Amino acid sequence: MTETATPHLPEIPNLITLVAPHLPHRIGHFLHTWEDPIFAFTIVAGVGLLVAIAARKLALVPGRGQALAETVVEGMDQMICGILGKEEGRRYLPFVGTLFVFILSMNLAGLVPGLKSPTSKITMTGALAFCVFCYVQWTGIRRRGIGGYLLHLMGEPQGLFGWLFAPIMFFVEVIGAVVKPVSLAARLFGNIMAEDILLGVFVMLGTLFLAWSHLPVGIPLHLPIIPLVLIFSLVQALVFTLLSTVYIAIVLPHEG
Amino acid sequence: MEQATVDWAKVALSSTLPLTLALAAMASASGLGKAVTAAMEAMGRQPEAAAKIQLAMLLGCALIEALTIYALITVILFGIGFLKV
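Residue numbers (my numbering), protein chains in the order written: chain F, 1 to 256; chain U, 1 to 85.
Everything labelled a hint here was simulated from the structure, so no lab data went into it. Every value quoted in this text rests on a predicted model; they were computed, and no experiment measured them. Check the hints yourself; a few may be wrong.
Below 25 Å or equal to it, Euclidean Cα-Cα: the simulated DMTMM-like pairs (lysine to aspartate or glutamate) are [said to hold, decoys possible]: (1) F:K57 / F:E74; (2) U:K84 / F:E35; (3) U:K52 / F:E35; (4) U:K52 / F:E70; (5) F:K86 / F:E70; (6) U:K52 / U:E41; (7) F:K180 / F:E70; (8) U:K84 / U:D7; (9) F:K57 / F:D77; (10) U:K84 / F:D36; (11) F:K180 / F:E156; (12) U:K34 / U:E48; (13) F:K180 / F:D77; (14) U:K52 / F:E87; (15) F:K86 / U:E48; (16) U:K52 / F:D77; (17) U:K52 / F:E74; (18) F:K180 / F:D36; (19) F:K57 / F:E70; (20) F:K121 / F:D36; (21) F:K86 / F:E74; (22) F:K121 / F:E35.
Extracted from the complex, chain U is given alone in its bound form:
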């Protein structure tokens, strides 16, 4: 069997980067859940203001989602640049 060299940098990155992304996704999901819960409660309390509340909820959700997207961009950049996907 030929010598198979192990690139430990690639091993380390390949095992930690997906976990990091999952961590970012978990945190963002928790925050989004809280935001949507608050919006639903407010809408139930005052159905006339539903459209405004929905707009504000959408804005807040996109801001929270953006942080997960930053993590995704970082992981994809690592994959393309360092791991040569």
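Chain F on its own, in the form it takes in the complex:
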């Protein structure tokens, strides 16, 4: 188990923590500092490569890779259009679908030997939540206009009581608009960090069991944790995506 200089919770070693000590000090330090973005880019490259290979020759009767990619896209399409409606759903499907696939692959990367979940750091989840925040505000301002968006933040006041409560509503809505992405980030970060710590602690226990024999093996005590990690990674990616969709739905103007 590698532990950083400051007393820290045990974490499973990944490619960077294994390779960096053997490299010159400055490159090793650079790799350690930029660990999460490096892994995020690697995951993006890997997933992108897989999908590009699957979508190379689009046939009417799909092969296996194309069928898998189509299943994912259709599933996301059903979910998003269920919340946003047919045409609006298709418009926002690229952003939200990418969010889902990206977060899911980053969450599951923690299980791959040698990789690490970038979403286990608040910086990565905060960046994702910031993207959602900017996109939702931009969507609101673009679809409703600045005046219309400010009216929406005041709760669309109609009549005397509407305008009396408008300042309070505005205040509460602004706080809500800031707190909702923060809660998105904290939820995803907390779940994935807890999974990482669980895995790390159980692997450490497993290696401690056989430490007396000085063999490089241990008991895989983390086996029961792996289904938990799988389920919660999927659920958290789903929840992040669904909540982003709901925030977009709230900010869109009503039909008719």
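Start from chain F and add chain U according to the hints.
Just chain U now, with coordinates in the frame of chain F:
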């Protein structure tokens, strides 16, 4: 025997933080139980809508779970920062 000084701040935090987390977990478990119960009853009443109900239940459960996660993050941050785990 050498003088063993007691850091009462650490004693206080070490005894109350796990209890706080357990309290948050208990409250969240109670809320989750109610949510899942309602979802199960609705699914039993109308099995065709099971997929939609399941989706809504998952969303609600994650929102409730998030509050426990906030407590967990706070306790872990206290442990790393103050108690130097």
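Hint check results:
| no. | hint | result |
| --- | --- | --- |
| 1 | F:K57 / F:E74 | holds (19 Å) |
| 2 | U:K84 / F:E35 | holds (23 Å) |
| 3 | U:K52 / F:E35 | violated (39 Å) |
| 4 | U:K52 / F:E70 | holds (21 Å) |
| 5 | F:K86 / F:E70 | holds (18 Å) |
| 6 | U:K52 / U:E41 | holds (14 Å) |
| 7 | F:K180 / F:E70 | violated (31 Å) |
| 8 | U:K84 / U:D7 | holds (13 Å) |
| 9 | F:K57 / F:D77 | holds (22 Å) |
| 10 | U:K84 / F:D36 | holds (24 Å) |
| 11 | F:K180 / F:E156 | holds (20 Å) |
| 12 | U:K34 / U:E48 | holds (22 Å) |
| 13 | F:K180 / F:D77 | holds (24 Å) |
| 14 | U:K52 / F:E87 | holds (20 Å) |
| 15 | F:K86 / U:E48 | holds (21 Å) |
| 16 | U:K52 / F:D77 | holds (14 Å) |
| 17 | U:K52 / F:E74 | holds (16 Å) |
| 18 | F:K180 / F:D36 | holds (24 Å) |
| 19 | F:K57 / F:E70 | holds (13 Å) |
| 20 | F:K121 / F:D36 | holds (8 Å) |
| 21 | F:K86 / F:E74 | holds (13 Å) |
| 22 | F:K121 / F:E35 | holds (10 Å) |
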